[in-house]
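Asks: Listed below, chain by chain, are the residues.
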Amino acid sequence: EAEVAQSPRYKITEKSQAVAFWCDPISGHATLYWYRQILGQGPELLVQFQDESVVDDSQLPKDRFSAERLKGVDSTLKIQPAELGDSAMYLCASSYRYNEQFFGPGTRLTVL
Amino acid sequence: QQPVQSPQAVILREGEDAVINCSSSKALYSVHWYRQKHGEAPVFLMILLKGGEQKGHDKISASFNEKKQQSSLYLTASQLSYSGTYFCGTERLRGANNLFFGTGTRLTVIP
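These protein sequences, in sequence, are chains A and B. Residues 21 to 132 (this note's numbering) make up the first sequence, in order. Residues 62 to 172 (this note's numbering) make up the second sequence, in order.
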């Protein structure tokens, strides 16, 4: 069964360092999402791509976060510099057009 | 824009029923339901579109009252495997699919 792949699964970094997360969506899924989930809360959408174009990044802290999906397939989310409050689970999801979203296993980020 | 879920937590014995509610202050096009087990990614359960339809599979069903901007998830004859945190995700515009997730309802099913 096709799955959304993410790496790394865990990342520990010190504040002010740069971190990057990678996501490979299910083949054929044109829509890709990055979410942040703080412990005990629901996922919060950071950025949504349709192919290589950003559809929604209204909740992305653009002073330190950036996301790209250059060829419309896999995607990278970067944080520079990381802050203590960025500690969270970062989830990637994909969907075929506008249907159910399939989530990857996530990257758990800890900022020290 | 975050929907409100209730209850925040519920404990059931196997075989008991539960209802989880999701309410929004904004007009909605659709409501999505997901279940997340501890340490795992959310897993899709179902989508309800504007039109008030009710959906279900196995012993889990849901309804969507577009006039009240509310959705309810019904779990019948709960099983141990139903344990997890349930999230509703709301979509305001047709085709946008940018979901706003609620804070979740933690469901624990005990033998």
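No wet-lab data here; the hints were simulated from the structure. Some hints here could point you the wrong way.
To be verified - These stretches of chain A come out as covered by chain B in the derived footprint (C-beta under 8 Å, 3 or more residues):
#1 42–51
#2 60–72
To be verified - Under 8 Å between C-beta atoms, here's a sample of chain B residues computed to sit facing chain A:
#3 TYR90
#4 HIS93
#5 PRO103
#6 ILE108
#7 GLY112
#8 PHE148
#9 ASN158
#10 ASN159
#11 LEU160
#12 PHE162
#13 GLY163
#14 THR164
#15 GLY165
Only a predicted model underlies this, so the values are computations on that prediction, with no experimental measurement involved. Heads up, the beta-carbon is just placed ideally off N, CA and C, and yes, glycines get one too.
Asks: Are the hints correct? Go through all of them and say.
Replies: Hints and how they fare:
1. 42–51: Answer violated; 1 residues pass the 8 Å Cβ test.
2. 60–72: Satisfied; 7 residues make the cut.
3. TYR90: Since the shortest Cβ distance to chain A is 10 Å, the answer is violated.
4. HIS93: The hint holds - B:HIS93 has a Cβ within 8 Å of chain A, the shortest such distance being about 7 Å.
5. PRO103: Interface hint status for B:PRO103: holds (5 Å vs cutoff 8 Å).
6. ILE108: 6 Å, holds
7. GLY112: For B:GLY112, the interface hint is violated, since the closest Cβ of chain A sits about 16 Å away, which is over 8 Å.
8. PHE148: 5 Å, holds
9. ASN158: With Cβ-Cβ at 4 Å, under 8 Å, it holds.
10. ASN159: 5 Å, holds
11. LEU160: Cβ of B:LEU160 sits 7 Å from chain A, so the hint holds.
12. PHE162: Status holds, d = 3 Å.
13. GLY163: 5 Å, holds
14. THR164: 6 Å, holds
15. GLY165: 5 Å, holds
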